[in-house]
Amino acid sequence: MVEKTPILDTLTYIFLMVGILVVGFPIIYAIIAATLPIEEVSKVPMPLIPGDQFWVNIQTAWEKGNLGTNLVNSFIMAAGITIGKVVVSMIGAFSIVYFDYRLRTVAFVSVFCTLMLPVEVRILPTYEMAANLFGPLQPVWDLLHLNGLVSWFAGHEIKVTLEWSLLDSYPGLIFPLVASATCTFLFRQFFLTIPEELCEAAKMDGASPMVFFRKILFPLSKTNIAAVIVIEFVYGWNQYLWPLLITTNPKMLTAVIGLQHLIPAADDLPYWNVALAGTLIVMLPPVLVVLFMQRWFVKGLVDPEK
Amino acid sequence: MIKRSFFSSKFLPYFLILPQFLVTATFFYWPALQGLAQSVMRSDPFGQHSTFIWLDNFIALFIDPLYLKSIGTTLFFSASVAAVSISIGLFIATMANRALKAKAVIRTMLIWPYAVAPAISGILWLFLLHPSYGVVAIAIKRWLGLDWNPVLDGKDALFMVIMASAWKQISYNFVFFIAGMQAIPGSLIEAAAMDGASPFRRFWKITLPLLSPTLFFVTVMNIIYSFFETFGVIHMMTQGGPGGATNILVYKVYQDGFIGLDLGSSAAQSIVLMTLIIVITVLQFKYVERKVQYAG
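Residue numbers (the numbering used here), protein chains in the order written: chain A, 125 to 430; chain B, 39 to 334.
There is no bait here: all hints are sound.
Which stretches of chain A does chain B cover? Using the computed rule of at least three CB atoms under 8 Å from a CB of chain B, they are:
(1) 164-171
(2) 371-385
(3) 396-406
With the Cβ distance kept under 7 Å, some of the chain A side facing chain B (calculated, not the full set):
(4) L140
(5) G216
(6) F223
(7) A231
(8) P249
(9) M253
(10) P300
(11) L365
(12) V426
Treat the hints as calculated values from the structure; they're not laboratory data. Every residue, glycine too, gets a C-beta built ideally from N, C-alpha and C.
Work out the full structure: start from the sequences and follow the hints.
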């Protein structure tokens with residue numbers, strides 16, 4: 125600090141400790157609860173000394189909540205969204221920033237219109253789209269009287285219905301959530317800060333656009349890619365509404381949604397120790413990713429704002 | 039904006055933008071158009087017949103007392119979540135910025151709730167505020183002498199979802215505030231200190247005004263968060279109840295569309311939400327462009 129203010133400094137640290145405790149309390153409390161047997165956890169108030177039932181509770185939660193399958197589903201979904209977003213947005217931003225073509229402005233505007241519209245506000249029509257990806261093509265098919273054509277080829281009456289459903293599938297969990305421009309925006313902002321000379325020099329050396337992308341742009345973007353990976357992994361893992369809508373098959377449930385079955389209902393025995401043990405397992409992967417990749421994550425989160 | 043130096047190629051740029059175009063068109067533009075079409079139609083629950091009914095769905099929406107109540111609930115909910123999480127986040131960030139030692143450790147200990155899903159935050163607080171077993175609920179009952187039952191009492195339930203939603207957002211706000219504070223030149227603070235400005239005065243007169251762009255951005259993000267992403271919190275904790283006390287707009291879209299199968303009304307509600315978020319986004323871009331004036 126600028127001047128010596130011992131009282132204020134002490135207060136600062138006290139407030140910080142209180143703040144950290146308040147922020148951490150729900151999780152500390154959940155960890156303690158997850159180590160207790162049911163008799164202890166339903167005492168009022170619950171004892172604050174950890175018990176020895178942690179592994180038992182974890183095992184019970186794992187089996188009861190079908191966490192093995194659910195965690196794999198969540199992982200595939202989060203990884204799919206992350207990889208999809210990085211690939212799609214990086215080459216998209218490359219096209220928008222480094223090329224001049226007639227529809228560039230159109231491409232730019234149409235992509236950035238989607239910037240802040242979350243899937244939550246267009247759930248029903250997006251659901252219908254996922255339920256039948258070929259839905260919009262059916263009128264075209266009917267309009268062209270292609271049914272008649274197919275029937276003529278086959279020699280008998282055939283009614284063709286175009287249908288490709290993404291419900292209860294990994295692509296259905298992944299693709300609709302890849303459709304947002306946040307990462308494209310982030311990469312665009314970053315590409316714009318890269319010195320012109322690099323591209324100039326690459327062109328002078330006769331490098332093709334893709335060589336420039338691979339040899340120069342990609343290595344320069346590594347920090348940004350890391351940031352996007354953290355943000356998108358957390359985003360993907362924590363999705364709730366979309367997986368809730370499009371998965372009905374228990375084998376396709378994601379981990380966060382599956383936790384619902386662990387929460388004790390009003391007339392059940394209060395197995396909160398098991399519910400919280402399961403909750404801890406499910407929240408662990410994104411928390412670890414954020415903690416271990418903290419530096420890049422903070423950069424990625426804060427930078428696009430500037 | 040474009041680079042002065044660029045590549046020219048006939049097909050490559052189209053090829054590169056194609057994946058983005060495809061996902062956006064399929065899962066964004068087409069559904070948005072469909073939503074727009076459905077919002078001016080009345081269809082039976084099986085989607086067999088639809089009739090064009092102009093703006094009847096919207097009119098029905100805005101004279102529906104349940105919808106008006108949901109708007110009120112959403113505004114109160116969202117303002118409370120933003121106020122609680124921003125003030126706590128700002129306070130902790132100010133303290134952390136003052137701390138001389140262990141800044142990295144402090145940040146690590148405050149950053150992780152960002153990674154917690156809203157739904158999971160819901161579970162944690164459901165336990166803390168459980169009317170029979172929750173430790174916070176017991177504290178409320180014993181120390182404040184209040185009757186606490188979020189299962190039956192609408193106000194208690196609303197308070198519960200606000201707590202769960204705000205808690206998760208504190209660390210997001212903290213990250214932005216601490217980054218904003220560290221970007222303020224130390225020389226400014228030192229000059230003010232030399233002129234005899236106390237730490238509190240420096241906070242009000244220098245840090246806070248210089249932080250106003252961050253503050254604005256964070257407020258917008260918090261509003262968007264509390265409008266939409268809190269779906270998981272509501273679904274885990276209250277399912278909109280009791281008696282619609284926590285039925286915020288985004289949850290109502292889901293309830294009316296997927297549970298009630300009222301396609302027209304649900305589509306109209308989606309359009310209202312879309313318009314709202316577009317307005318917020320445009321406002322934000324305009325405001326950020328002006329970069330916030332610091333007069334006086």
